[in-house]
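Novice: Reminder that position 16 of the sequence shown reads as 15 in numbering that gives the first Met the number 0, one-by-one numbering, no gaps.
Check before you lean on any hint, since a few could be wrong.
With a Cα cut of at most 20 Å, we get these calculated SDA-like pairs of lysine to any residue [as the list claims (entries may be wrong)]:
1. 22 to 60
2. 99 to 81
3. 22 to 72
4. 111 to 66
5. 111 to 62
6. 59 to 160
7. 50 to 164
8. 153 to 119
9. 111 to 31
10. 22 to 75
11. 59 to 148
12. 111 to 30
13. 80 to 46
What follows is a list of derived Cβ distance ranges for each label pair [stated by the list, open to error]:
14. 2 to 80: 49 to 57 Å
15. 41 to 5: 53 to 61 Å
16. 92 to 44: 23 to 31 Å
17. 85 to 39: 15 to 23 Å
18. 142 to 111: 36 to 44 Å
19. 2 to 127: 45 to 53 Å
20. 116 to 2: 45 to 53 Å
21. 68 to 5: 45 to 53 Å
Hint data in this document are derived by calculation from the structure and do not stem from the laboratory.
Computed from a prediction, not measured in an experiment: that's the story for all the values here.
Glycine residues also receive a C-beta, built at the ideal position from the N, C-alpha and C atoms.
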Amino acid sequence: MKKYFLFIFILFFSACGYQPVSKISQNTLGDNVFVEVLVSKSDPQNSVAVKDGIRNVIIKRLGRDLTSKENADTTIIASIKSITFMPLAFDAYGYANGYKTSVVLAYELRFKNGLVDVLTSDGEYDFYITRKVEGTEFTDSVISNEERYRAITKASEDCFDELVAKLAIHGLKSQN
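With the sequences and hints as input, model every part of the structure.
Specialist: Here you go:
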């Protein structure tokens, strides 16, 4: 009975045509990607965090190579639409100690064949800032630069994951 179940299980997954998102996006993006984030004049630090988040996803999750603009199969130009920090949780004294970071990015994708696609995506990241030193809990709502950078980077990664999913859908539609 186990052999029959295993056979049906293998037959089902091999026959359904499943492809991972990274494989579909490889067909859409190509192997070499160039990333440019338009620097916000009002807040250039955030632009660096967003660029790092996008680069992390391209290298670690998609397994693509970052390259120069001239050698790229796809050029991704990202611009920050909004970055917000919203308090989620409060301590016993009324100070915010949990936050949600929301990032909205607009992307212009320039493919080697000359096509240009404009997409928007959003990402979120939740974090806490409770600090304890030698058993004493500090009650403040101040987000350090390091926490801010990490939160924006993680939210940007989530945002780019959404873009990759949208690209996979476009890739599947173009295959059919």
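Novice: If a hint holds in the structure, say so; if it does not, say that too.
Specialist: Hints and how they fare:
| no. | hint | in the structure |
| --- | --- | --- |
| 1 | 22 to 60 | holds (11 Å) |
| 2 | 99 to 81 | holds (13 Å) |
| 3 | 22 to 72 | holds (15 Å) |
| 4 | 111 to 66 | holds (13 Å) |
| 5 | 111 to 62 | holds (19 Å) |
| 6 | 59 to 160 | holds (12 Å) |
| 7 | 50 to 164 | holds (19 Å) |
| 8 | 153 to 119 | holds (17 Å) |
| 9 | 111 to 31 | holds (10 Å) |
| 10 | 22 to 75 | holds (18 Å) |
| 11 | 59 to 148 | holds (19 Å) |
| 12 | 111 to 30 | holds (11 Å) |
| 13 | 80 to 46 | holds (11 Å) |
| 14 | 2 to 80: 49 to 57 Å | holds (54 Å) |
| 15 | 41 to 5: 53 to 61 Å | holds (59 Å) |
| 16 | 92 to 44: 23 to 31 Å | holds (29 Å) |
| 17 | 85 to 39: 15 to 23 Å | holds (20 Å) |
| 18 | 142 to 111: 36 to 44 Å | holds (41 Å) |
| 19 | 2 to 127: 45 to 53 Å | holds (50 Å) |
| 20 | 116 to 2: 45 to 53 Å | holds (47 Å) |
| 21 | 68 to 5: 45 to 53 Å | holds (49 Å) |
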